[in-house]
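J.: Just so you know, the sequences run in chain order Z, B and R.
With UniProt numbering, letter number 77 in the first sequence gets 77, and the count goes up by one each step, no holes.
With UniProt numbering, letter number 348 in the second sequence gets 348, and the count goes up by one each step, no holes.
With UniProt numbering, letter number 156 in the third sequence gets 156, and the count goes up by one each step, no holes.
Rather than coming from a laboratory, the hints here were simulated on the basis of the structure.
A portion of the hints provided could be inaccurate.
Note: identical chains are not told apart, hence a pair may lie in one copy or across any two.
PhoX-like cross-link-like pairs, simulated, lysine-lysine; straight-line CA separation at most 25 Å [said to hold, decoys possible]:
(1) Lys11 <-> Lys283
(2) Lys426 <-> Lys217
(3) Lys11 <-> Lys217
(4) Lys378 <-> Lys217
(5) Lys52 <-> Lys383
(6) Lys282 <-> Lys217
(7) Lys283 <-> Lys426
(8) Lys378 <-> Lys123
(9) Lys11 <-> Lys282
(10) Lys11 <-> Lys426
(11) Lys126 <-> Lys378
(12) Lys123 <-> Lys11
(13) Lys126 <-> Lys52
(14) Lys378 <-> Lys426
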Amino acid sequence: MERPRHQGMAKNTNMRWRLPLVCLLWEVAMIVLFGVFVRFGPEADAHWEEEKQEMNLTSDIENDFYFRYPSFQDVHVMIFVGFGFLMTFLKRYGFGAVGFNFLLAAFGIQWALLMQGWFHSFKNGKILIGVENLINADFCVGSVCIAFGAILGKTSPIQLLVMTLFQVTLFSVNEYILLNILHVKDAGGSMTIHTFGAYFGLTVTRILYRSNLEQSKDKQGSVYHSDLFAMIGTLYLWMYWPSFNSAISDHGDAQHRSAINTYCSLAACVLTTMAFSSMLQKKGKLDMVHIQNATLAGGVAVGTSAEMMLTPYGSLIVGSISGIVSTVGYVYFTPFLESRLHIQDTCGIHNLHAMPGLIGGIVGAITAAAATEDVYGKEGFIKAFDFTGEYRTRTPSIQGGFQAAGIVVSLLMAFAGGAIVGGILKLPIWGDAAAENCFEDDVYWEVPEDEESDVYHMHNPDKPASP
Amino acid sequence: MERPRHQGMAKNTNMRWRLPLVCLLWEVAMIVLFGVFVRFGPEADAHWEEEKQEMNLTSDIENDFYFRYPSFQDVHVMIFVGFGFLMTFLKRYGFGAVGFNFLLAAFGIQWALLMQGWFHSFKNGKILIGVENLINADFCVGSVCIAFGAILGKTSPIQLLVMTLFQVTLFSVNEYILLNILHVKDAGGSMTIHTFGAYFGLTVTRILYRSNLEQSKDKQGSVYHSDLFAMIGTLYLWMYWPSFNSAISDHGDAQHRSAINTYCSLAACVLTTMAFSSMLQKKGKLDMVHIQNATLAGGVAVGTSAEMMLTPYGSLIVGSISGIVSTVGYVYFTPFLESRLHIQDTCGIHNLHAMPGLIGGIVGAITAAAATEDVYGKEGFIKAFDFTGEYRTRTPSIQGGFQAAGIVVSLLMAFAGGAIVGGILKLPIWGDAAAENCFEDDVYWEVPEDEESDVYHMHNPDKPASP
Amino acid sequence: MERPRHQGMAKNTNMRWRLPLVCLLWEVAMIVLFGVFVRFGPEADAHWEEEKQEMNLTSDIENDFYFRYPSFQDVHVMIFVGFGFLMTFLKRYGFGAVGFNFLLAAFGIQWALLMQGWFHSFKNGKILIGVENLINADFCVGSVCIAFGAILGKTSPIQLLVMTLFQVTLFSVNEYILLNILHVKDAGGSMTIHTFGAYFGLTVTRILYRSNLEQSKDKQGSVYHSDLFAMIGTLYLWMYWPSFNSAISDHGDAQHRSAINTYCSLAACVLTTMAFSSMLQKKGKLDMVHIQNATLAGGVAVGTSAEMMLTPYGSLIVGSISGIVSTVGYVYFTPFLESRLHIQDTCGIHNLHAMPGLIGGIVGAITAAAATEDVYGKEGFIKAFDFTGEYRTRTPSIQGGFQAAGIVVSLLMAFAGGAIVGGILKLPIWGDAAAENCFEDDVYWEVPEDEESDVYHMHNPDKPASP
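Sequences and hints are given; from them, build the entire structure.
T.: Okay, here's the thing in structure tokens:
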């Protein structure tokens, strides 16, 4: 079977030396840096027996591992299966979706352990890591997975690795500014992960604009089973989002509350997404693109406020609104962004992460500003917002202002960072494919014979064997 | 490509205004009711710091969140991925299986939080929720997912929402009668979830009987890959069932024991299912329908007794029997139910949930009746059956009698409720499809071009682009 | 549609009486043995209330259930979904991959509970089980799943059950020798699970060598969607491997440390796998076989040492090396093994489990030999290696020697056991398929009509209905 679409391939997409070089150099660098800097934190170190006595702990169950490991594993599934499979909806880019997501996330978590470690876990010249660092590394990489959604199908694996390198770095700087300088709360990452990641990715894809992308338009759609594979990703993201938003909250009531708020928000979001998906189609049929994506907006939109006293009904309101905004975005904004602003957003991250992330930041600012000692209790109030030490005198309304400032900082970092990184990725050395080969696994992957020809020709003894 | 099968479509299946209206009105109602009634329970509220001191707890790890959250997440996966993907076995109804299950469960858990809350968590005019409420809401919705299995492919999404509304209500009433009035034990829901849910669904599908359903018979089967998608659902249900049966058991040994009993029962069930699947086919070949479904009967059948001292060998016996009963049911009972009793049971829930649920109720009654202080220990005996307060004097044999009464009540509620709800669903206003369009996603979903035509026509530049 | 390939079928593959007989006899034997021997351990027994007082425990959270159950569930997913779906890459053997893996694992865990119970949990004539026994049973069966990978597609379900019976037995003996006689550490099973399981399987497949297997070569490859199904298995194995290696480690820091080491090793492994996959192909394209398998070698290779003070950078080094070894193995060793040594290794377990397992054993021996009180702390040192009682005087270098001896013992057990079991499986009574029918579900499964013919003929009313 001739594949005439490959004859026009002019760009050199051969990864044979470039990809191995980048991966191996990187891994060597990681080994050296880990060797110099990274050690086990006290709760993972064999000296824990002595540590326990010093901290007056009577049981191993007090180890942070038991507070956070189940949530960590859920987050881990969201990053690798959730994001990976969510992006398999394209009919001929399933390998790239799952495989490149796997590559960039495995690459990114190592760098994130270092970058975030230097900022947050650096003691006596060493980065001391524990389960919370693993969660934070996964979170950081989550923002790269989001950005990947915008450029899915149009970039080489090397471009993705270069983007990961820079984005993890910028993420960590932005996170440090928000959490440590502005003293902002953002346990589920509405600002640090979603707003930053999405606008970063949108800026990158704007800079990488391809005017002739309609040449691969026939491959930008889904097929029946690719839509089902994508639903695996959707559901794991949806189900485990309560773990995502509660994973690094304070022990006890804060983790508990975050999970409940997120559960409520996501449930409401499904209903409004279904409603608007049906309403905005002439024949009232549901669109899988909306179900796969907009149903998740409710998790994004309570990312900042879930650990606060948002209340279950507050969560329902936020989830309902975000489902509507996201679905409307898919129908009206995405085509507009592409045609007018030249932002080609493959997965529609503007609808799933950018707008709901902004909502999440704003809801967080309002919820913080509205906090009272009456609602939180005297001790709970101080604990919830860490109003201790130099922040002893901060009031809720001031906290709300800082939360709002966090949104602005995240946006600025995303735009500036995305523009610079986009420029770097535009260099003609990274091996990206020509427009007619976008959204096609065959460029970077050994792809087996088509299913159909195999079955139809199974009785044909002359057929060349599959690999 | 013409699709002549659609030309005969006479019924109006357009959801454009009906579905959005139902979803949005519903969500507004939920917001109002949550606003009036639902608040965080003490372990999820920011006042927990004070609560801890009052309850004399020394560690945050004593928060119920850490006892139950991992099990909650497993149950959550069972409801959304387990049931959702189990039903994707139909060749052209994968979107409906996963998508409508998603819709009805997200719809149902909100209502379940309220209904169950009014019955069980109502204090000073407020429903106080925590992680156990989330598990119970998922459980309640599980019974709707079971009923969905009977009518899969034959109903409109609005019918499913209407059914969910009523079934959750009836479930909560039945649960209240069993747990609070009869003081029955049923932590894994053999009676409340499986028996009730299955006979409810079977009654509904009986009332919705379609005499001309053979018109869509070609779509009632599976294809190779749809059977593999269904196995994802099967395995997640199978693997996480120990969490299901132990999720709301008492802390400590009861949760531990429930998981072990369920693990044993399920392992045995796989062997007897495989044995009978092979034995009942002329050529001795295994049937995927049995493997996908009957292997799970062992989890259903220990739903009541798993937290009791059923013992591992007792679990093997119960699991073995339920696998046999379920497989035999698929081969002989399902055709009989359809041809003689006009019960069209798409997924065979009679075999997977109804009969094993009855077995589970009976085994639970026997296990309770056989309980002795010797086996449970003096304190363990009282704790296991809550023989305190007004139930201080209840004996095991009396408890066994009440357990048996619980089965009867569940059956009556299911038949009566199913008959009424089935009657409501028969009204010609809900937009269900004509018989020839059953089991076909195209009625309610935007379905992408067929995979085959895409691949074959990929080189054809005149082909209209996919959505 | 005629299927001429079946006309040459000479062997009797009908399972109708043989498979049911084996399954049912087995299950009866299990019920009897469980009835005689298996009881709940103290933490799962209703007497736990009294036990708690005796052990002076103040909280139910001290029950081992809460330390290990989340890890158990992750391991459970790895065995059933991880291994099951990893093997679905073959285009026409998805039912067999998932279904037979399900069967043999459900069969094996029951026997493993007994065998391991007699060796490790036998008290006063009873085997007392708890969550740790469930994990160990899953582990034991994991070694059978590994061996299954070598003979995938070439054996009847009865052969698999017979192999499971013997392999579980030998596994338990080998495990007893290593853990109790040699006093070796191997929490993640580099030696007991991977080295033993893989060389056992390779020996079996060597004995079952089929000289004419090229007759089914057209079915030995993958198709596009079967490769995506396999990635579900890969990712769940990869994500949950930290739980695998930490599941039975000591409470506290050891579990925590194991998870971190494994996380790091796996991340590094992905990068070197991708690098070598691209480098070893002429056009630099990535090969799904490598991504699906070699990315997991990093988990195998720290199986022994993860709970030791391997350190994060040590883990990166081990993970990097194992990814390289494994990928090179797929490209060069597997063809060599088949052509020269007549070892037909369907899934390439030599690359994924055998070589990385050996690396894991060696790294464990070195890490143990290099242990010092300085690194572990005085108490931590004794606790990490159980240098108590009769092992009070054992030094790290002696421990290293015993660890190395453990590798040798595992290899010898695997070769000897594999040879004997392979000989048994060669008997012409088990119903394996002829060479031209290998890798074909149709032999043992009711397979639905081909997807393609269904879709194309959907408008044809004369088409016979699917089952």
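J.: All hints are to be evaluated individually against the structure, with a verdict given for each.
T.: Outcome of the hint check:
1. Lys11 <-> Lys283: The answer is between: 14 Å across copies meets 25 Å, while 43 Å in one copy does not.
2. Lys426 <-> Lys217: Intra 22 Å, inter 44 Å, cutoff 25 Å: intra-copy only.
3. Lys11 <-> Lys217: Close inside one copy (19 Å), not across copies (35 Å); limit 25 Å.
4. Lys378 <-> Lys217: This pair counts as neither: shortest intra-copy Cα distance 58 Å, inter-copy 65 Å.
5. Lys52 <-> Lys383: Both, since 24 Å and 14 Å are each at most 25 Å.
6. Lys282 <-> Lys217: Classified as within: same-chain Cα gap 23 Å, cross-chain 29 Å, threshold 25 Å.
7. Lys283 <-> Lys426: Classified as between: cross-chain Cα gap 23 Å, same-chain 42 Å, threshold 25 Å.
8. Lys378 <-> Lys123: Classified as between; 23 Å across copies, 32 Å inside a copy.
9. Lys11 <-> Lys282: between (41 Å within a copy, 17 Å between copies)
10. Lys11 <-> Lys426: within (14 Å within a copy, 54 Å between copies)
11. Lys126 <-> Lys378: For Lys126 and Lys378, the Cα distance is within 25 Å only across copies (22 Å; inside one copy 36 Å).
12. Lys123 <-> Lys11: neither (48 Å within a copy, 69 Å between copies)
13. Lys126 <-> Lys52: within (21 Å within a copy, 36 Å between copies)
14. Lys378 <-> Lys426: Answer is neither; intra-copy 54 Å and inter-copy 56 Å both fail.
Going through the hint list in order, the structure does not satisfy hints 4, 12 and 14.
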